[in-house]
Amino acid sequence: MTRTGAILRATSVRFTALYFLPYYTALVAEGRARWQWVALGAVYWCAHGLGTESLNRLADRTEDEINRPERTSLCHRAGFPLLRRAALVGWGTVLALDVVLLIAHPDWWLALFLFLAGFSGVNYSYGLRLSRNRWLAPLLLTFHFGGTFVIGTVLAQDHWDAQVLRDFAGYGLPFFAVGMVTLLALGGAKDLTDLAGDASIGYHSAWIDLLRRHGARLAAAMVGSTYFLVALFVLTGAFPPRFWLWLLLIPVAAALGRCLWRAATPGERHATREFFYQYWVLSLAVAVLLYAPRWELLPGLVGGLAFWAVTTQRLHWSGGVRRETVRTAVALVRGGHPRRGGPPAGAEYAQEREERTG
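Be aware that the sequence shown starts at 115, since it is given in the working numbering, and climbs by one per residue.
The hints are simulated quantities; they were obtained by calculation from the structure and are not laboratory data.
Since we're looking at a predicted model, the values are computed, not measured.
Just so you know, even glycine gets a beta-carbon here, dropped at the ideal spot from N, CA and C.
You may find that some hints are simply not true.
Claimed, not checked - Label-pair distances were calculated between CB atoms; the ranges are:
| # | residue 1 | residue 2 | range |
| --- | --- | --- | --- |
| 1 | P183 | G316 | 17 to 23 angstroms |
| 2 | R191 | L419 | 25 to 31 angstroms |
| 3 | G316 | A283 | 38 to 44 angstroms |
| 4 | P195 | L242 | 20 to 26 angstroms |
| 5 | T118 | G316 | 32 to 38 angstroms |
| 6 | A153 | N237 | 24 to 30 angstroms |
| 7 | G241 | H219 | 23 to 29 angstroms |
| 8 | L412 | W358 | 17 to 23 angstroms |
Please model the entire structure based on the sequences and the hints provided.
So, in structure tokens, the structure goes:
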């Protein structure tokens with residue numbers, strides 16, 4: 115494996131698809147998916163992801179040695195100096211493209227959201243280390259959908275007036291709310307695999323704590339929040355009736371909910387975390403098709419999904435979705451465990467905390 119390959123795997127380049135799809139969908143919905151904005155956006159979100167994840171690897175080196183030794187091994191293979199250069203290249207590219215965007219489309223709202231995108235990316239794990247705030251961290255993770263969707267929407271506007279704001283409030287804002295709530299409710303699943311390393315630096319996930327206290331009912335509420343909002347917005351007329359199709363994913367969401375509470379061993383936690391990411395991509399694909407059902411959406415959607423699939427299997431530190439991952443998730447959904455006995459994730463985390471605190 116080359117050092118470049120190690121960098122790409124360690125920095126989770128697949129996240130580019132999660133940034134790009136909401137951005138692209140917003141452009142399509144506004145009828146402004148010009149190739150220049152699309153191409154620039156693809157490069158922009160790739161650079162943003164590279165810069166963000168490179169800084170995360172540098173900042174979280176201590177806990178990653180415990181949580182993700184396979185990813186840390188890739189960082190050592192590439193070399194941490196190269197990882198620093200990757201962060202500089204990523205954020206340097208973002209800054210240069212910020213200037214290009216603002217020259218091509220001067221807009222104070224665009225400037226504000228581009229600044230917030232950069233500020234949150236740099237200061238999540240690095241800089242101000244906002245991820246160490248157990249309540250703020252889940253909110254920052256919602257940028258994967260909300261921030262990029264808003265930037266695409268703002269970029270598509272020639273001007274702002276009362277009608278534009280009413281249109282966004284009536285359709286775009288409810289869609290934004292569903293995506294934000296989904297990630298706010300479920301984004302903490304990424305912490306399932308990081309309990310020991312996080313505890314070593316004195317950090318305890320608020321999401322895991324809540325899951326421990328409220329158990330299976332909270333897990334069900336977490337996955338159900340998306341569909342409650344979708345149904346509410348359809349019934350109130352904010353979403354057209356075609357959005358009822360989104361509810362076809364409820365069985366998949368219910369399966370994820372069972373995994374969230376039951377996962378206890380490292381293998382189960384890894385499988386559940388990967389299940390969450392695949393579920394989010396599936397839900398996102400359905401959502402954008404319902405939001406902007408236009409032929410122009412298909413090239414970007416197919417390209418984004420293909421990029422996600424290839425990078426997950428070929429360019430991700432986890433090795434991608436394997437048979438064992440699927441078997442473990444299926445066993446959790448059915449109620450069986452590859453292990454024999456033992457507490458669920460919430461209870462096990464409680465035990466870890468008790469052992470460390472007294």
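Hint check results:
At about 20 angstroms, the CB distance of P183 to G316 agrees with the hint of 17 to 23 angstroms. In this structure the supplied range 25 to 31 angstroms holds for R191 paired with L419, their Cβ-Cβ distance being about 29 angstroms. A hinted range of 38 to 44 angstroms holds for the C-beta pair G316 and A283, which are about 42 angstroms apart. The beta-carbon spacing between P195 and L242, approximately 24 angstroms, falls within the hinted interval of 20 to 26 angstroms.
Between T118 and G316 the beta carbon distance is about 35 angstroms. The supplied range of 32 to 38 angstroms therefore holds. Taken as a hint, the range 24 to 30 angstroms holds for the pair A153 and N237, whose Cβ atoms sit roughly 28 angstroms apart. Our hint of 23 to 29 angstroms for G241 and H219 holds, since their Cβ atoms are close to 27 angstroms apart. Take L412 and W358: their Cβ atoms lie about 22 angstroms apart, and the range 17 to 23 angstroms holds.
In terms of the numbered hints stated before, the structure departs from none.
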